[in-house]
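Numbered according to my numbering, the sequence shown terminates at residue 206, and the numbering increases by one at each position without gaps.
Bear in mind the hints are in silico, worked out from the structure with no lab data behind them.
Everything numeric in this text was worked out from a predicted model, so none of it was measured.
Misleading hints may appear alongside valid ones.
Below 30 Å or equal to it, Euclidean Cα-Cα: the simulated DSSO-like pairs (lysine-lysine) are [to be verified]:
(1) Lys180 / Lys170
(2) Lys158 / Lys180
(3) Lys170 / Lys158
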Amino acid sequence: MSSLPQKAPGGALGSGLGGVPGGVPLQQQPQSLHMGASSGASVPGQASMPPNPAALREISPVFLCRIGQDTVQDIVTRTMEIFQITRATQLPNGVTQSQAAYQDRFGKLQEHLRQLTLLFRKLRLLYERCVEMTSDLQESPAELVPYVGEEMAALKLEPCSPAVTQDKQEVLEKVRQKNQEMKMLMDQMRNLLWDINAMLTMRK
């Protein structure tokens with residue numbers, strides 16, 4: 003007699019069809035995006051597929067921008083690797099090298115180019131989704147970036163109350179008096195030092 007399926011921690015039966023009786027699969031989290039967020043440390047040669055458009059609907063724009071940032075980092079890293087491979091490759095001008103070395107480098111270049119194509123598709127999909135999710139903003143992202151030479155609008159300052167103005171004047175007057183006292187004290191100390199130096203000079 004076969005044993006009954008045990009209950010999973012989430013409350014659903016642990017069957018092979020998603021854990022729900024009748025074979026209806028549970029709604030799962032978009033794990034492909036969580037894997038894409040850590041794609042900055044991906045191993046070279048590993049396939050980087052574009053995210054599913056249906057899974058992007060449940061993700062916030064901030065998280066999508068973070069995934070896009072990691073994707074740009076992957077693109078830059080793979081581009082640098084392509085330049086390093088091409089720099090290390092020597093032209094066949096009388097130099098004898100094995101055919102296997104050329105085939106290995108050619109295979110690496112093909113793999114990097116294929117991964118770059120997938121990464122650019124992924125970045126384009128993330129960009130379109132971010133634009134769609136932020137279409138209701140009052141200001142466009144370009145308007146939020148300050149430009150050199152562009153004058154900013156002056157802030158409107160509301161007039162202060164008479165009590166605040168009076169307190170400010172009193173504080174300024176106290177600071178002015180303290181500065182005057184410190185100046186007088188410094189003058190007295192300077193005169194005292196001059197007298198002491200003059201007396202020491204006369205003794206010699």
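- Task: Would you pick out the hints that fail for this structure and give their numbers low to high?
- Result: Violated hint (a single one): 2; every other hint is consistent with the structure.
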